[in-house]
Amino acid sequence: MSRIIERVRQALGVQAGDGRDKLVFAKSDDFVHCADVKVTAQERDGWMESIRTEAQALNLQVHECPDLDACGEAIASLARERDPEWGTAKQIMRWNDPILDGLGLETRLGADIAVKSVPKADSFSQSERQEFRREIIASYIGITTADYLLADTASLVLLGGRGRARSVSLVPSIHIAVVPRSRMLASYRQMLSLLSAMDLPSNVSIITGPSKTADIEATLVHGAHGPREMHLFVVAS
Amino acid sequence: MLKQDPLQYRELAAKAVQDKQLHKALAKMRDKVGRNAENLYNQLPTGAGSRQAAKDVRRKIVDNLDVVLETLAANIRARGGHVHLAETGEDAVEYCLSVAKRHQVTRVVKGKSMLSEEIHLNDALEAAGIETVETDLGEYIVQLKGEAPSHIIAPAIHFTREQVGELFAEKLGEPYTDDPPTLTAMARKALREKMLGANMGISGGNTACAETGHVTIVSNEGNIRMATTMPRVHVVLLGIEKIAATLEDHNILLRMLTRAAAGQKISTYVSYVGGPRLPEEPDGPEEFHLVLVDNGRSRILADPDFREVLHCVRCGGCLNVCPVYMAIGGHSYGSPYCGPIGAVFTPLTQGINTCHHLCQGETLCGACKQVCPVDNDLPRMLSLLRFKLANGDRSWNVRPHSLPTKLVFGAWSVLMRHRRMYDAMRLLAGFCQRFLPRKNGWIRRLPGPLGGWTRGRDFPPLAKKSFAQGWARRDTTRRDA
Numbered sequence: 001m002s003r004i005i006e007r008v009r010q011a012l013g014v015q016a017g018d019g020r021d022k023l024v025f026a027k028s029d030d031f032v033h034c035a036d037v038k039v040t041a042q043e044r045d046g047w048m049e050s051i052r053t054e055a056q057a058l059n060l061q062v063h064e065c066p067d068l069d070a071c072g073e074a075i076a077s078l079a080r081e082r083d084p085e086w087g088t089a090k091q092i093m094r095w096n097d098p099i100l101d102g103l104g105l106e107t108r109l110g111a112d113i114a115v116k117s118v119p120k121a122d123s124f125s126q127s128e129r130q131e132f133r134r135e136i137i138a139s140y141i142g143i144t145t146a147d148y149l150l151a152d153t154a155s156l157v158l159l160g161g162r163g164r165a166r167s168v169s170l171v172p173s174i175h176i177a178v179v180p181r182s183r184m185l186a187s188y189r190q191m192l193s194l195l196s197a198m199d200l201p202s203n204v205s206i207i208t209g210p211s212k213t214a215d216i217e218a219t220l221v222h223g224a225h226g227p228r229e230m231h232l233f234v235v236a237s
Numbered sequence: 238m239l240k241q242d243p244l245q246y247r248e249l250a251a252k253a254v255q256d257k258q259l260h261k262a263l264a265k266m267r268d269k270v271g272r273n274a275e276n277l278y279n280q281l282p283t284g285a286g287s288r289q290a291a292k293d294v295r296r297k298i299v300d301n302l303d304v305v306l307e308t309l310a311a312n313i314r315a316r317g318g319h320v321h322l323a324e325t326g327e328d329a330v331e332y333c334l335s336v337a338k339r340h341q342v343t344r345v346v347k348g349k350s351m352l353s354e355e356i357h358l359n360d361a362l363e364a365a366g367i368e369t370v371e372t373d374l375g376e377y378i379v380q381l382k383g384e385a386p387s388h389i390i391a392p393a394i395h396f397t398r399e400q401v402g403e404l405f406a407e408k409l410g411e412p413y414t415d416d417p418p419t420l421t422a423m424a425r426k427a428l429r430e431k432m433l434g435a436n437m438g439i440s441g442g443n444t445a446c447a448e449t450g451h452v453t454i455v456s457n458e459g460n461i462r463m464a465t466t467m468p469r470v471h472v473v474l475l476g477i478e479k480i481a482a483t484l485e486d487h488n489i490l491l492r493m494l495t496r497a498a499a500g501q502k503i504s505t506y507v508s509y510v511g512g513p514r515l516p517e518e519p520d521g522p523e524e525f526h527l528v529l530v531d532n533g534r535s536r537i538l539a540d541p542d543f544r545e546v547l548h549c550v551r552c553g554g555c556l557n558v559c560p561v562y563m564a565i566g567g568h569s570y571g572s573p574y575c576g577p578i579g580a581v582f583t584p585l586t587q588g589i590n591t592c593h594h595l596c597q598g599e600t601l602c603g604a605c606k607q608v609c610p611v612d613n614d615l616p617r618m619l620s621l622l623r624f625k626l627a628n629g630d631r632s633w634n635v636r637p638h639s640l641p642t643k644l645v646f647g648a649w650s651v652l653m654r655h656r657r658m659y660d661a662m663r664l665l666a667g668f669c670q671r672f673l674p675r676k677n678g679w680i681r682r683l684p685g686p687l688g689g690w691t692r693g694r695d696f697p698p699l700a701k702k703s704f705a706q707g708w709a710r711r712d713t714t715r716r717d718a
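Chains Z and C, in that order, are what the protein sequence lines are.
Each residue of the first sequence is one higher than the one before, starting from 1 at the first, in the working numbering.
Each residue of the second sequence is one higher than the one before, starting from 238 at the first, in the working numbering.
Chain Z extracted, bound-state conformation (with noise of 0.2 angstroms):
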């Protein structure tokens, strides 16, 4: 290990411990700062008209709801509505979190779909987490929250952590993400310096519509390896 970090400092021409590190890591007072802006009612609905004309090109859906009594009710009839790609049962797997909560989608679909949640816990053991990795490979839908939106791409961030498992928002087939609208950023720059200024998990994934690829002569195809239909629910309130 050293020894290469050695060989590195000799190609360099350079000194360990020389301060260096302050130059490296030094930010800008401007990125720094980028997020602290006040935003007012007119700015965000600019935003919301710039996701709107980022996600047709990307296949993202994008509704609107005044709160999450509607969003709830959409959702669930989408849920109807659709079949599962792989298998025939349907069941729905959530993020544990109070927003998705509010939804709820368990009453709206009773016994016709099963609607689980990630379970929360300090730790996990093998055979949980087997069960866990079952339940979210039989899932045709998968619905998470964003902590961000972000306006100039269309983008979802998505902290990990407890109760917010990375493969629900991956392995189903259809991706939900309900998002208040008071989390919209302007870019990805603010968002880059709001994390900046965090304790990050060990992972964050940023998504920018459905999967796709355009591997066989340069034609984009939607639905490669990650979901195939993404949904994006913006709650007023």
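Don't take each hint at face value.
Just so you have them, the derived chain C footprint on chain Z, three or more residues with Cβ under 8 angstroms [claimed, not checked]:
(1) 10–21
(2) 66–75
(3) 151–160
(4) 166–177
(5) 190–200
(6) 206–214
(7) 223–229
Across the chosen pairs, the derived CB separations fall in these ranges [unchecked claim]:
(8) C:Asp360 / Z:Asp112: 49 to 55 angstroms
(9) C:Glu407 / Z:Arg80: 23 to 29 angstroms
(10) Z:Arg52 / C:Asp542: 47 to 53 angstroms
Simulated from the structure, these hints should not be mistaken for lab results.
Positions of the beta carbon are idealized from the N, C-alpha and C atoms, including for glycine.
Following the hints, complete the assembly by docking chain C onto the known chain Z.
Chain C alone, transformed into the frame defined by chain Z:
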């Protein structure tokens, strides 16, 4: 297949030059991505200065690589990940094998990694009895066919949809179709099983963030997220130079990368992964290994003339505008790194003499520099490699490539500096050229060792009256004021 051999280069290039299908496919990349790139760069807030801004960040990182590497390693370890610095490709391969053996791995799923091609990892894994499956659609097609990738970003660009249909019919037992969405769905099904049933995922990385302790991987297909989330063990292979220091660095670097590589503002997935799953997470890998590979890079770092090539972010953008790559395709280069970047990087890591044909094959037209998101001066470095080949260079163990060529050009140089000698030679050549075979006024064949010039093209004869003669006899009385 992937080897450095000037004869093979010439042979494959000659074949590719005739391949209309290949040219059609590459022209798509040129029109969709190559010609669009500059426009997309300029749309960033940094405007026309975007390439320079990205360059400045890359230069800062590479010039302080020791500090960035140490911080990255420390922060990944603090997250519970393992970090291994591999001096050579063999060392990196051995490390991957030892991790695989410790976990009794039977199947590895791979995310696209040029570095793994560079160190021949797949062969080693297969030799150890481990099933190794490429999961990027293009890489998967190429692997099923038993070929090497022909483009850094679009590995199977040389395949037609009909060829993919036939391949899938043969290897996957699916009914023949040439419809890309149906073909993609077939691969989706076949690879889902592979990815969910693998015990180890190996991916490359597009960059890393030293201050937070994450590796950053971009993808559109979701295969990389699958390969890095579902198996028990995740190993990342990363060149020592490909890392970044801060999240602020990532702003310009990632935005330039996706624009240059695929004409996208952002790719579908940008994943930051650092360390294994946390105890409170029910999924994610149990073990995380970051293998940082030197394999000749620190030697490049030590030469200020070539250090710049380490700024490269492996976007493949230079391929999409290169007239030589467009004509001869990726396979001719005999290296995972093809096109202009390969013509500089491969000689520096595999030997300048061994790879002389690569830098001599490029045109120095400058298109690669113009499109490069980090403004790498590849034409300058190509010229410098040629200079070293002509004159030899001890520090890079280069011996003069061809003594006769050196002598001829030495003589030419003397001739050009001595007026009388030049005139005499011109008269002589003008007399001798009468005996050479002609067609439409052009010389068809030059004699002796010069014959190489006319093997593929005709040569213009010397003019009856030279420019100097015409100039001396010009009518000076009618000169305009």
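Structure-based check of each hint:
1. Coverage of a stretch by a chain is defined here by at least three residues with a beta carbon nearer than 8 angstroms to that chain's beta carbons; for the region 10–21 of chain Z and chain C the count is 7, and the condition holds.
2. Residue count for the region 66–75 of chain Z with a Cβ under 8 angstroms from a Cβ of chain C: 0. That is fewer than the three needed, and the coverage hint is violated.
3. Coverage of the region 151–160 of chain Z by chain C holds [criterion: at least 3 residues with CB-CB distance below 8 angstroms; count 4].
4. Against chain C, the region 166–177 of chain Z contributes 4 residues with a C-beta closer than 8 angstroms to a partner C-beta. That satisfies the three-residue criterion, and the hint holds.
5. For the region 190–200 of chain Z, the assignment as covered by chain C holds, since 5 residues bring a beta-carbon within under 8 angstroms of that chain's beta-carbons and 3 suffice.
6. Here the region 206–214 of chain Z counts 9 residues with a CB under 8 angstroms from a CB of chain C, which clears the bar of 3, and the coverage holds.
7. With a threshold of 8 angstroms between beta carbons, the proposed coverage of the region 223–229 of chain Z by chain C holds, since 6 of its residues qualify and at least three are required.
8. Under the hint 49 to 55 angstroms, the C-beta atoms of Asp360 (chain C) and Asp112 (chain Z), about 51 angstroms apart, fit the expected range.
9. Checked against the given bound of 23 to 29 angstroms, the beta carbons of Glu407 (chain C) and Arg80 (chain Z), roughly 40 angstroms apart, lie outside it.
10. For the pair Arg52 (chain Z) and Asp542 (chain C), the supplied restraint of 47 to 53 angstroms holds, since their beta-carbon distance comes to about 50 angstroms.
Checked against the numbered hints above, the structure violates hints 2 and 9; every other hint is satisfied.
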